[in-house]
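Asker: Going left to right, the sequence shown walks through residues 145 to 460 as my numbering numbers them.
Just so you know, not all the hints are guaranteed correct.
Pairwise CB distance ranges, derived in the manner of DEER restraints [unchecked claim]:
1. 251 <-> 316: 30 to 36 angstroms
2. 156 <-> 409: 17 to 23 angstroms
3. 436 <-> 247: 14 to 20 angstroms
4. 297 <-> 160: 46 to 52 angstroms
These aren't lab readings, by the way, just hints derived from the structure by calculation.
Backbone N, C-alpha and C fix where the C-beta goes; we use that ideal spot for every residue, glycine too.
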Amino acid sequence: MIGISSIMPGVCLSVAIAFLALLAPSLHASFDALLISPLLGMLFGNFIEKKDVFDPGARFCTGKVLPAGLGLYGAQMVISGPAIRFLPPVLGASLLFFIITFLVTKGFGLESGISILLCTGLSMCGAGAVAIISGTMDSDRNDLSISLISLWTIGLAGMLAMTFCPDALALASQKFAFMLGAALPSLGLIRAASAPMGTKFIGLATSMKLIRTALAGFLAMWLYFTKKAVRTSGALCFISIFSGLALAVNLLGPAGLRLSGALAPAGLFVLSVSLAALGFSVDFDSILLKGASPLLATLFAWGISVLFIYLAMKAF
Numbered sequence: 145m146i147g148i149s150s151i152m153p154g155v156c157l158s159v160a161i162a163f164l165a166l167l168a169p170s171l172h173a174s175f176d177a178l179l180i181s182p183l184l185g186m187l188f189g190n191f192i193e194k195k196d197v198f199d200p201g202a203r204f205c206t207g208k209v210l211p212a213g214l215g216l217y218g219a220q221m222v223i224s225g226p227a228i229r230f231l232p233p234v235l236g237a238s239l240l241f242f243i244i245t246f247l248v249t250k251g252f253g254l255e256s257g258i259s260i261l262l263c264t265g266l267s268m269c270g271a272g273a274v275a276i277i278s279g280t281m282d283s284d285r286n287d288l289s290i291s292l293i294s295l296w297t298i299g300l301a302g303m304l305a306m307t308f309c310p311d312a313l314a315l316a317s318q319k320f321a322f323m324l325g326a327a328l329p330s331l332g333l334i335r336a337a338s339a340p341m342g343t344k345f346i347g348l349a350t351s352m353k354l355i356r357t358a359l360a361g362f363l364a365m366w367l368y369f370t371k372k373a374v375r376t377s378g379a380l381c382f383i384s385i386f387s388g389l390a391l392a393v394n395l396l397g398p399a400g401l402r403l404s405g406a407l408a409p410a411g412l413f414v415l416s417v418s419l420a421a422l423g424f425s426v427d428f429d430s431i432l433l434k435g436a437s438p439l440l441a442t443l444f445a446w447g448i449s450v451l452f453i454y455l456a457m458k459a460f
């Protein structure tokens, strides 16, 4: 049985990394704690000395803390306001992203594990969705890290492109908000790109993002109950908490909003701790062996999907 003293170094390190990741958005709006946390974990894990001292705590965080963080993430799934009428096109855009990414990743010869993570990340919005599905599928940690790196790189490039060319796209404000909310794989990137348009615009774009993220919870439940996921007690725990909180914050009116406000920061912190621990256990050499294929596949899939969405909005 693992003692508390053996897990404390790894737990404390994961918590410290999570705190740093949560401070990152204050430096720039495009920084997302759920992306920064595993990246910092990878840096510490590959350059820190006496790594074995931290391994028991990192394993504890990924095995015991991760399900709780994934479950609490459901408190962020408040879907209301003007974004509701965009529900059908958001679902359509997510399906388009998933299909195109699946076809592109298969064309690049990527393994099914990393292919599903990239499909999930692009279609259902970034690190949170990837973490949810990886927790259900018991994904390889290297595949998880590669997916997060690819999503962050392509997302940052997409955010910069959309920030500096809204006039060139010639879209009405609501359509541009839809474009951001449906295409960028991170809440931080969406906020950064929509900031020049004002608070109301940010709210509309981020609401569409939450619709996409909620889809990951439904996909996780489908995978679990169709026996296509690893049926562990941790997976059942996070699915139950996630779905219960998502229903509560949307059906309880003002009380649900207060519940979301109270639990959403805790969920973000716990999930950041878990992802820091996941990143800590990743070996850079294993990532390098994958080459540039995941990044290139993500670039092609994102570009093709965004082009289709843009042409559809111009047509209608």
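Asker: Does each hint hold? Answer for all of them.
Answerer: Here's how the hints hold up against the structure:
no., hint, in the structure
1, 251 <-> 316: 30 to 36 angstroms, "34 angstroms, holds"
2, 156 <-> 409: 17 to 23 angstroms, "20 angstroms, holds"
3, 436 <-> 247: 14 to 20 angstroms, "19 angstroms, holds"
4, 297 <-> 160: 46 to 52 angstroms, "25 angstroms, violated"
Hint 4 from the earlier list is the only one contradicted by this structure; the remaining hints agree with it.
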